[in-house]
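K.L.:
Starting from the structure of chain A, add chain B with the ligand where the hints point.
The primary structure of each chain is shown beneath.
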Amino acid sequence: MVRNVAIIGTGMTKFGEHWEKSLRDLIAEAGAKAVDDAGISGKDIQAIYGGTMSAGRLNGQEHIGALIADTLGLNPLPSTRIEAACASGGVALREAYLMIAGGHYDVVVAGGAEKMTDVYTEQASLALGGAADQEWEAFFGATFPALYALLARRHMYEYGTTEEQMARVSVVNHHNAALNPLAQYPYPITVDDVMKSAPIAEPLKLLDCSPLTDGAAAVVLASEDFAKKMCQEPVWIKSSAQASDTLPLHDRRLVTAIDASVLAGKQALERAKLKHKDISVLEVHDCFSIAGIIAVEDLGFTRKGEGGKAFEEGVFDLGSDVSINTSGGLKACGHPVGATGIKQAVEVTLQLQGKAGKRQVDAEYGMTHNVGGSGATVVVHTYGRDV
Amino acid sequence: MPHRKSLALVWRRREQRYKMVGTRCATCDGHFFPPRGFCPNCRRKGRIEEKEMAGTGKVFSYTTVYAPLEGFEELAPYVMAIVQLDEGPRLTAMLCDVEPEDVEIDMPIRAVFRKISEDGKSGIIHYGYKFRPNKK
Ligand SMILES: [Zn+2]
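Chains A and B, in that order, give the protein sequences.
Here the working numbering is used: position 379 in the first sequence is 379, and no number is missing along the way.
Position in the second sequence (first residue = 1) + 1000 = the working numbering.
Bound conformation, chain A alone (with noise of 0.2 Å):
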């Protein structure tokens, strides 16, 4: 007997430069605005998750999941760290999620966080760069924007992919994000403002690829009895999907497609009982300008290789039937990598909550999608105002 659970508290800080505090101190304000906003004790939580990707790489600090439950004053519960590179904070709710279905605990708190320019930029960079292969991918010299430029040359021969549509995809962003105060870039781009911008790996340019950002999110799960009786507007998940590929993007069936996304989003909608219709918000995880187009493909929301054209079209800018990244995606929002998938979820409550402020869309149902790597792990979760 699966049973249900619902977000029934959320806190996140600002993404942005955090020179002045420390990866505990973010995780500190996230957990305790989430707790705060659950309006329960401390006593009340039963067990924490909480994913990061490379604090040991950025921070020199392992041993997380003590870390947390001392930061936040809650020994002596379990408290876990998940490590799923950049999906590490969506694997982390997901753990959280099942272990409430399946009647282990009622309360438990899901969290992520990274603390990313405590180094310098090269460090910064050979750390993500974990997120690939290190032997087949690293080792013979191919950034981890490099994977995703491969992925984009291959789609654009494929399908005529233009370098103009993946701007949008960026400007859809940085457009969302100005009506976000806990954005990290909170100001509007275009087209040209992309195109003009530095090479990175091409066809991928500075404004294509999602910054270092220091932050962290947190959100507080409950069962259904507990999420009744102790809050007003309870955003329920409906369902929680995950799915694995090889670690290589060379290896996969398809380089211009992500399977684990195409599958964890398929079963993620059947479980749910959800049509693509029903869902009026969507947060993707666009690490860089091309996931984007790729993850409204291969989450069934145009048809494939149509991604591109409908980002030009304007079919997800804000308002429209399906908004796209309400907070501003991974590349305005900011990516601290353990926190985004966390994020999402948090951005997602709160446009069902209708508490998004300036960005609210009118939703009923919202889906979020956090991808590890090149696409090695996918986490697609589906949320609902009704049980």
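Be a bit skeptical, because a hint or two may be false.
[As the list claims (entries may be wrong)] Computed, partial: chain B to chain A, Cβ under 8 Å:
{"no.": "1", "residue": "PRO1034"}
{"no.": "2", "residue": "GLY1037"}
{"no.": "3", "residue": "CYS1039"}
{"no.": "4", "residue": "TYR1066"}
{"no.": "5", "residue": "ALA1067"}
{"no.": "6", "residue": "LEU1069"}
{"no.": "7", "residue": "ALA1093"}
[As the list claims (entries may be wrong)] With a straight-line Cα cutoff of 20 Å, these simulated DMTMM-like cross-link-like pairs (lysine to aspartate or glutamate) come out:
{"no.": "8", "chain 1": "B", "residue 1": "LYS1058", "chain 2": "A", "residue 2": "GLU158"}
{"no.": "9", "chain 1": "B", "residue 1": "LYS1115", "chain 2": "B", "residue 2": "GLU1049"}
{"no.": "10", "chain 1": "A", "residue 1": "LYS43", "chain 2": "A", "residue 2": "GLU158"}
{"no.": "11", "chain 1": "A", "residue 1": "LYS275", "chain 2": "A", "residue 2": "ASP386"}
{"no.": "12", "chain 1": "B", "residue 1": "LYS1115", "chain 2": "A", "residue 2": "ASP386"}
{"no.": "13", "chain 1": "A", "residue 1": "LYS309", "chain 2": "A", "residue 2": "GLU135"}
{"no.": "14", "chain 1": "A", "residue 1": "LYS196", "chain 2": "B", "residue 2": "GLU1101"}
{"no.": "15", "chain 1": "A", "residue 1": "LYS14", "chain 2": "A", "residue 2": "ASP118"}
{"no.": "16", "chain 1": "B", "residue 1": "LYS1019", "chain 2": "A", "residue 2": "GLU135"}
{"no.": "17", "chain 1": "A", "residue 1": "LYS14", "chain 2": "A", "residue 2": "ASP37"}
{"no.": "18", "chain 1": "B", "residue 1": "LYS1051", "chain 2": "B", "residue 2": "GLU1015"}
{"no.": "19", "chain 1": "B", "residue 1": "LYS1045", "chain 2": "B", "residue 2": "GLU1015"}
Derived by calculation from the structure, the hints in this document are not laboratory data.
This structure is a prediction, so every number in the text was calculated from the model and none was measured.
The beta-carbon is built from N, C-alpha and C at its ideal position, and this holds for glycine as well.
P.N.:
Chain B with the ligand in isolation, oriented as in the chain A frame:
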């Protein structure tokens, strides 16, 4: 220093990186590079044997890298590619002896043995395959 480059790690991958030794499944004729110890198609019915790849293939996708990894600074901008080997497997490698603007998808290429990177001035030098245009 990146730990992908420890001496032990380099040593145990030399057969593959120096000579492109992969595996072949005698049951289904599937070729694997890097080598797989069991066949994902045939599983327990697979019969895996060593197989050296010919080192010829074509460009499946490519990118010019302007922001290099540590140890590759002197080479930037350089071209990385997904290579489709004639035997079937794909791999990721650097292209050499070609200008970035002359690279295109489906271009015939062949493997050559080259220096890949250097761990600083006094560090070890890493060798392996790169691919260059294969004029017919
Ligand atoms: Zn076989």
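K.L.:
Looking back at the numbered hints, which does the structure fail to meet, lowest number first?
P.N.:
The structure conflicts with hints 2, 3, 9, 10, 12, 13, 19, although it agrees with all the remaining ones.
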